[in-house]
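Take a look at the letters that make up each chain.
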Amino acid sequence: MSLAEQPASAQRTGIEITASDITKEYPGVRALAGVSLELRAGEVHAIVGENGAGKSTLIKVLSGAVEPTSGTIVVDGQEYDKLTPALAQELGIAVIYQEFTLVPTLNAAENVYLGHYIRQGPVLDRKRMYQLSEQLFRRLGVRIDPRKLVGDLTTGYQQIVEIAKALSRNARVLIMDEPSAPLTASEVEAMYAVVDALRAEGMTIVYISHRMEEIFRLSDRVSVLRDGKYVATRNTSETTRRELISLMVGRELTEGYPTRDFEPGEVTLRVDGLSGNGVTGIGFEARAGEILGFAGLIGAGRTELMELLFGAKPIESGEVTLHGRSVVSRSPIQAIANRIALVPEDRKRHGLILPFTIQQNITLPLLKKKLSKGVVVSPRAERDLTKEYMADLRIKAPSGSAVVGNLSGGNQQKVVLAKWLATDPEVLIFDEPTRGIDVGARAEIYLIINRLAQAGKTILIVSSDMEELIGMSDRVVVLREGIQEGILHKHEITQEAVMALAAQGEPE
Amino acid sequence: MKNTLLPRLKDFGIVLVLVVLVIAFSVLTPHFLDPSNIFNIARQVATLGIVAVGFSFVLITGGIDLSVGYQISLNVVVTGMLMAQVGVPWYVACLVALALGTLIGVINGIIVTFTGVAPLIVTLSMMMILNGVSYLISKGLPIFGFPKEFSLLGQGAVLGVIPVSLFFLIAVWAVGLFILNKTYIGRYFYAIGNNVEAARLSGVNTRRTLIFVYALCGFFTAIGAILLLSRLNSAQSATGAGFEFSVLTACVLGGISVMGGRGSLFGAFIGVLIVGVLDNGLVLMNVSEYVQLVIKGAILLTAVIYDAMSKNAPGRRKQIGGVPLTVPAAPASAS
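Protein chains in written order, with this note's numbering: chain W, 1 to 508; chain B, 1 to 335.
Calculated cross-link-like contacts (lysine to any residue; reagent style SDA-like; alpha-carbon spacing at most 25 Å): (1) B:Lys182 - W:Ser378; (2) W:Lys373 - B:Thr183; (3) W:Lys373 - B:Leu177; (4) W:Lys387 - B:Lys182; (5) W:Lys490 - W:Gln454; (6) W:Lys368 - B:Glu197; (7) W:Lys368 - B:Phe212; (8) W:Lys396 - W:Arg226; (9) W:Lys229 - W:Gly34.
Hints were generated in silico from the structure; no laboratory data involved.
As the structure is a computational prediction, the values presented were derived from the model and not from experiment.
So that you can see chain B by itself, here it is in the shape it has in the complex (with noise of 0.2 Å):
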C-alpha cells in the first residue's frame, strides 16, 4: 500500500509470467523478438495501455467501466466523420474526442454516484447505449479518408524506428504514476475502494472524486481512440467491441483487485504486456481467432480466481464467493 510504485512479491510473478511467454513465443515463432515486431507490439499495445491507467483507477475505487469498448467506437466514428465527411481540422476532430470520452465520463460518474446503481450495471448500460449511437450515426459504414497528418499519430516513427504513440503511452503512464502516488487525489482513489464511508466520514469528497475517476478514464479512453484510429486508418462502429475485456484482463493480470482498493500501475503495466504479447505471439503463431477467445477468457478467469483467493489483504471484509463486481462503489447516502 505504501509503495504502490514499486513491484512487490505478486508483481514478480507476473513479472515472470511475462517473461515465460516472451521466451515461449521467441522459440515459437521465428520473427517474434525483431525489433520490427517489438515496435509492432508497442503501437499495439498503445491504445490498451492508455485506456488501462483510466481503468486502473476507476477499479481501485471499487468501481468499473464496462462502456471503455464502446466510448472507443463512438469516438472514432464521431472523430472519423468529422476530419473525413465534415471536413474539420484534424486538430479539432481530436479535442472534440477528448471532451466527448470526458463527457461520457462524467455522466457514468453522476449516476454511479448519485444513484447508488452498481457501476457494473451502469456502465454496462451506457456500453449499450454508446454501442447504438455509434451504429446509428455511423449507419454501419465504415469511414476512411483522413488527414495525413493525423496518420502520423498512430503510425508514424520517430528516428524511423521508434512509434510516435509510444510517447503517448508514456505521458500518460507518466500522469497516471504522478495522480496516483503523489497527489491526494490518488490517496482517495484508495481510500474510497477499501471503505467508502469511512472515506466521507474522514471529510472526503467521495462523490466529486468518483466523477472525476470516471470522467479521468473517459479522457483516457479517448487519447487511446484517437492512436487506435490513427493506426487502422478507419473507423467503424465496432472497432472497440470487446475492447473492455482486455482491458480488465490486463488489470486484474496486473494485481488490480476487482474488489477495489489494490493494486499498482506497475502490475497494470505488465498486464497491459502480457496481453499484448499474447495477442501478437498467438497471431504470429496462426492460433484462429475462436482459439484466442478461449485462451483470453481462460486467463480472465484465472486472473480473477486468484484475485478472490487471494484477498486476506489484513482487514479486508471476507466476501464469500467474492462477487466484486456487483459491489456499488458508492451507496446512495454518499455525500
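Next comes chain W alone, as it looks inside the complex (with noise of 0.2 Å):
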C-alpha cells in the first residue's frame, strides 16, 4: 500500500519544526536575518507582519523552495542546512499559497491526486480515488463532489480541494498563505471550520495573515516579524490587537478606524432603478462627504454595479444623476469627464500599467485633455502633476520615474489613487482599497479616503473586510445576487445585520 492510499481517516500527529537563525540574502537585500521560530506540534502558529517582513520568504525556506544562506532547520529532531521541495513534502510540509495550484479542467478527485494518482497498472482507479478524496473532505467537514469539475467550484470549495491535496500527500503541517483573501466572508466562516477540524486532528498549521480577527479567532500563538527579523512571539491569548500591531510596524499605531464628523451635505449622487451587467433595479442616494459602503457575498453584484457607474460595462436601464444632471456614462472617458472615478478591485490588472513609471500611470486618464498642447505631450506639466500628487499622497519612491511594477502594493494603490485625485473627481469609488496592502500602509488610505470625505466628495466603498466597512461607512447598502436587499444607518451597521441581509435564504 502507497503512502496516497492509507486509509484517509488515519490520524496523523503534526510536527515540530524549529528554525534557528534563518538568514536569506538576494543581491543587495537582506530577506531574513537570523530569525528563528519554532512550531509545536499540534499548534495554530500565526505569522504577522507588513508586506516585506519577510513572511513569504520564510514560508519558502520552510517548504524548501528558497535555500537560506545561513542558519537551520529541525524537523522531527533531525537537523537540516536547508530542505528541497521533495524532501519537504517528504516530512510533510505543505503550502496553501493565494493562487491555487489546481487544474480548473480536471475534476476534484483527479486535482486531489494530481501526480500521484492511485491506478491498476497503467489503469486509473477512479473509483478509489473518488472514495477516498470524498473521505478526505468529509474529515474537512465539506461536501464537495469528486466528480465535479474544479473550475465549476466556488473559491471557497477550491481552497479545500488544495488542502484536500495536502492531505493526500501525507501533511503533517499545512502553511497557510493569507487564505481568507480569496474567500468571502461565509466562505472565510467555513475555512475556519476546516481550520479547527484540523486542529483536532493534531495537524501543525502556520496560517499568515494580515487580518487580525483571524489571528485571535484562530491562533494559538503568534509570531511577529518585521524588515526581515523576527520580533516577538505571543500566547496568543495574553496579546492584544494594539501590542501586536505596535510590534509590526515598530511604533505606536492608532488602531482600527480613524474618526471622522460627518456632516451630511446635499445629496450628489441619485440612482435609480439601475440595470445591466447582472444587478437590477439598484436605487440608492449619496450625499457630499459621505462615505456609502457596499456589502455583498462574492457575486452579490458589488464590482459589477461600480462597474455600470463607471462606463465600464453597458448599463441596460436605470438613471444616475449628480447634482440633478444625467450622469449615465457609456465609458470610462464619459465617466471621468462626468467626474466619476474608480480605484478598481484588481489594481495589478486594471488599476495600472505595471511596466510604466509612477509618472506615466498618474496622468494616462490627464495626458490628452490636460497636459498636452495638441497632440504633444508637455514633459513639464507631467512633472509637476506627478511631484504635487506623490507628496500629497507620500508615495514612498525615489522619483517618478520608478517602475510602478517594482513598489509595494501600498504605493501602487496610492498611485492608483493620485491618478484619480488627479482628475479632480466628485464621486470616487472604492472596490476592495486596502485589499493586500500592508497595516501600515492601510491606515494611510483610509485616513486619505476620509480627507477626501470630508473635503465634501462623494465616496462609494466596496468591501469584503466586514470591519473594514463597518469602521469607514456612514451607510451600508447591501447587495445580494444583484438585487437591493436594504440599506443600513450609522447606529444599525452590524456585521449580524449586514449578514442577515447579505445571505438571506443562502444555504450555508
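Both chains come to you apart, so use the hints to assemble them.
This is the structure we're talking about:
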C-alpha cells in the first residue's frame, strides 16, 4: 500500500519544526536576518508582519523553495541546512498559497491526486480516487462532489480541494498563506471550520494573515516579523491587537479606523432603477461628504454595479444623476468627464500599467485633455502633476520615473489613487481599497479616504472586509444576487445585520 | 520605457550585430563598402524602413499586421494601372494609393477592435483577400510604362548620388519618432500594448487608438509601396509577397516585442539596416535565394526566441511558451 492509499481517516499528528537563525540574502537585499521560530506540534501558529517583513521568504525556506544563506531547520528532531521541495514534501510540509495550483478542467478528485494518481497497472482507479477524496472532504467537514470540475467550484471549495490535495500527500504541517484573502465572508467561516477540524486532528498549522480578527479567532500563538527580523512570539490569549500592531510596525499606531465628523451635505449622486451587468433595479442616494459602503457576498453584484456607474460596462436601464444632471456613462472616458472615478478591485490588472513609471500611470487619464498641447505631451506639466500628488499622498519612491511594478502594494494603491485624484472627481468609488496592503499603508489609505469625504466628495466603498466596511461607512447598501436588499444606517450597521441581509436564504 | 529614443543595452547588442555584419561583408565581397553600393542599400531599405515604422506601432499596441506585404501588392497594381492604363497623373495615382492603404488599415483596425478576433488571424485573412484581389485586377500580368517624373521618386538622386527615397525614409522616421515619443498617442500605444483593459479604464479611447494605429500602418505602407513601384518600374501582384516577414524580422531584431508594449524605433531602425545589409551582402556573395530564405528564417526565429526569453520586464505577466501572436490586442469588451 502506498502512502497515498492509507485510509484517509487515519489520525496523524503534527510535527515540530524549529528554524534557527535563518538568514536569506539576495544581491543587495537581506530578506531574512537571523530569524528563529519554533513551531510546536499541533498548534495553530500565526505569523504576522507588514509587506516585506519576510513572511513569504520564511515560508519558502520552510517549504524548500528557497535555500537559506545560513541557519538550520530541525524537523522532527532531524537537523537540516536546507530543505528541497521534494524533501519538504516527504517530511509532510505543505503550503496552501493564495493562488491555487489546481487544474480547472479536471475534477476535484483528479486534482486531489494530481501527480500521484491511484492506478491499477497503467489504468486510473477512479472509483478509489473518488472514494478517498470523498473521505478527505468529509474529514474537512464539507461535502464536495469529487466528480465536479474544479473550475465550477466556488473559490472557497477550490481552497478546500487544495487542502485535501496536501492531506492526500500526508501533510503534517500546513502552511496557509493569507487563506482568507480570496474568500467571501461566509467562505471564510467555512475555512475556519476546516482549520478547527485539522487542529482537532493534531495538525501543525502555520497561518499567515493581515487580518487581526482571524488571528485572534484561530491561532494559539502568534509570531511577529518586521523588516526580515524576528520580533516576538506571544500566546494569542495573552496579547492584544494594539500590541501586535505596534510590534509589526515598530511604533504605536492608532488602532482601527480614524474618526470623522460626518455632516451630511446635499444629495449629490442619485441612482434610480439601475440595471445591467448582472444587477437589477438598484436605487440609492449619496450625499456630499458621505462614505457609502457596499456589502454583499462575492457574486452579489457590488463590483458589477460600480462598473456600471463608471461606464466600464453598458447600462441596460435606469438613471444616474449627479447634482440633478444625468451622468449615465457609456465609457470610462465619459465617466471621467462626469467626474466619477473608480479605484478598481484588481489593482494589477485594471488599476495600473505595471511596466509604466509612476508618472506615466498618474498622468494617463489626463494626458490628452490636460497635459498635451494639441497632440504633444508637455513633459513639464507631467512632472509637476506627478510631484504634486507624490508629495500629497506620500508615495515612497525615489522619483516619478520609478516603475510601478516594483513598488509595494500600498504604494501601488497610492499611485492608483493619485491618478484618480488628479482628475478632480466628485464621486470616488473604491473597490476593495486595502486588499493586499499592509497595516501601515492601510491606515494611510483610510486617512486619505476620510480627508476626501471631509472635502465634500461622495465616496462609495465596496469591501469584503466587514470590519473595514463597518469602520468606514456612514451607511451600508447590502446587495444579494444582483438585487439591493436594504440600506443600513450608521447606528444599525453590525456584522450580524449586514450578514442577515447579504446571506438571506443562502443554504450555507 | 522612459527614453524610448535612446538606445538601451539590448539595443547596443543589436548594433554590434550590424557592425559585425558590415565588417564581414566588406571583407568577403570587394564592392560592399563602395559608396554606390551603400546608396544602393539605402534605396533598397527605403520601403522596408518606412513600412517598419507603422508595423512597429502595431506591434507595440500588442497587435500585428500580416497584410502589409499584399497591401503593397494591391497598391502597386492599382497605382500602376491608374498611371499606365487609365492615364491619370502620377500624383493623383499616388494619392489614391495613400487613401487605399489607409482604408485597408481602417478595415483591419475596425475588425480587430470590434470583434476581438486575434490580429494575427484578421490580418492573415486580409492578406489572402488582398493577394486575390491584386491578381484579379492585374490578371496576373506585369504592369509597366509609367511617367518619367514618377520614376524619380524611387530612382532619382540629389546631387547625383543621394537617393531621393532616402529623404522619404528620413521624413517618415521623423514623423514616427515624433508620434511615438512626443505625443499622447504614442503613450497610448505603449499603454494598450502593456494592458489594454487598464488603459481603457484610465480613459484611453482604446478602440479609436487601435483603429488609428492600423490606419497609420496602412498609410505608411502605401508610401513604401509607391517608392517600391517607382524603383522597380513595374507592378505585379507578387511584388509584396513575403514582405511582411522581412518587416517582422527587422522589428523583432530591433527589440520590438511581439508581445506588445515594448520597443523603440531606434531598435527597429537598426533591425531594418541589418535586414537590408544581409539582403544586399548575400546577393553580392551570390548566395542562392533559397539559402537566403533559410538564413532569414533562422534569424527571425532567433530574434523571436530572444524576445520570448527576455520578457522579464518588471511586472510583465509570465507567459509560458510565449505565444504572443495569438493574443488579441483588444478584447471584445473594449469600448
